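One letter stands for each residue in the lines below.
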Amino acid sequence: DVKVTQSSRYLVKRTGEKVFLECVQDMDHENMFWYRQDPGLGLRLIYFSYDVKMKEKGDIPEGYSVSREKKERFSLILESASTNQTSMYLCASTVGAYNEQFFGPGTRLTVL
Amino acid sequence: QKEVEQDPGPLSVPEGAIVSLNCTYSNSAFQYFMWYRQYSRKGPELLMYTYSSGNKEDGRFTAQVDKSSKYISLFIRDSQPSDSATYLCAMRAGANNLFFGTGTRLTVIP
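Going down the list, the sequences are from chains A and B. Per the working numbering, the first sequence starts with residue 92, numbered consecutively. Per the working numbering, the second sequence starts with residue 77, numbered consecutively.
Do not rely on the hints blindly, as some may be mistaken.
Said to hold, decoys possible - Cut-off 25 Å, straight-line C-alpha distance, at most; resulting in silico cross-link-like pairs (DSS-like, lysine-lysine): (1) B:143 <-> A:162; (2) A:109 <-> A:146; (3) A:94 <-> B:143; (4) A:161 <-> A:94; (5) A:162 <-> A:144; (6) A:148 <-> B:143; (7) A:104 <-> B:118; (8) A:146 <-> A:162; (9) A:162 <-> A:109; (10) A:144 <-> A:94; (11) A:144 <-> A:109; (12) B:78 <-> B:143.
What the hints assert, rightly or not - Label-pair ranges, simulated between beta-carbon atoms: (13) A:130 <-> B:153: 39 to 45 Å; (14) A:174 <-> B:181: 22 to 28 Å; (15) A:106 <-> B:169: 24 to 30 Å; (16) B:88 <-> A:101: 26 to 32 Å; (17) B:85 <-> A:96: 28 to 34 Å; (18) B:102 <-> A:130: 20 to 26 Å; (19) A:131 <-> B:183: 14 to 20 Å; (20) B:149 <-> A:103: 35 to 41 Å; (21) A:145 <-> B:85: 36 to 42 Å; (22) B:85 <-> A:148: 43 to 49 Å; (23) B:94 <-> A:105: 44 to 50 Å; (24) B:130 <-> A:105: 48 to 54 Å.
As the list claims (entries may be wrong) - Pulled from the structure, derived: some chain B residues nowhere near chain A, Cβ distances all over 12 Å: (25) 78; (26) 105; (27) 185.
FYI, nobody ran anything at the bench for these hints, they're computed from the structure. This structure is a prediction, so every number in the text was calculated from the model and none was measured. Backbone N, C-alpha and C fix where the C-beta goes; we use that ideal spot for every residue, glycine too.
Whenever a hint applies, use it, and build me the whole structure from the sequences.
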C-alpha cells in the first residue's frame, strides 16, 4: 500500500512564525503536491513538484514556499504565518501524470 | 465561474437507500474523472477513476460521465452507515493538475 505521511496532525502557531509542514511518501513517486482545503472552497493547489529540486506554483502560492531536496520528501513552508493561513493542509503524491493522487492524512493548522 | 461545481449538501439518507452525487463542469477538455471519499479528519482516498464518457461499476458504486452535458455522477446502492463521508469529484484535462469540486457531505442513518 502506498503510504503518504505528514509530520503533524494538528499544529497551532502564532502570527509571524515560520512554519514547516513535512510530507513523506514511500512509493518512489515522482510527483508531489501540496493543497489546502477550506469549507466551501474545496481543495486548492498551492505548489507541486515533478522531480527533486523542482517546483511549480499552483493556484494559490502566495505566502508559501516549498522544498524538495529528496525524492520522497516535500516540505511546505509558511515564511510568516498569518491567520488567513489557518486551514487543513493535504499532501499528495503520484507516479506519472495520469495516475491517481494518493493523499496523506492532512495537517490542521491554526494560526493565532 | 468555477471550473467544477458540486452541491455541498449536506445529504442525509436512510440505510439501504440509493444515493446520487453529482458534479458539473465547464471545461470541455476534461477527460479524466475521479471520485474521492474523505472521512472526517482523514485525507481523501480514490473511489472511482474513469476516462471519457460512459459508466464504470465497482461493487455498490457506479460512476457515470456525460461529456455532452458536462455532468458526472456517483451512485451508491444499498448505502451503509460506513458510507458516511464527504465525496469529492475531481477531473483533469490530459497530464495536467486536478480540479476538485468542493465536496458533498453524506450521512447514512442506520
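Enumerated hints in conflict with the structure, sorted upward: As far as the earlier hints go, 1, 3, 6, 13, 15, 22, 25 are violated by this structure, in ascending order.
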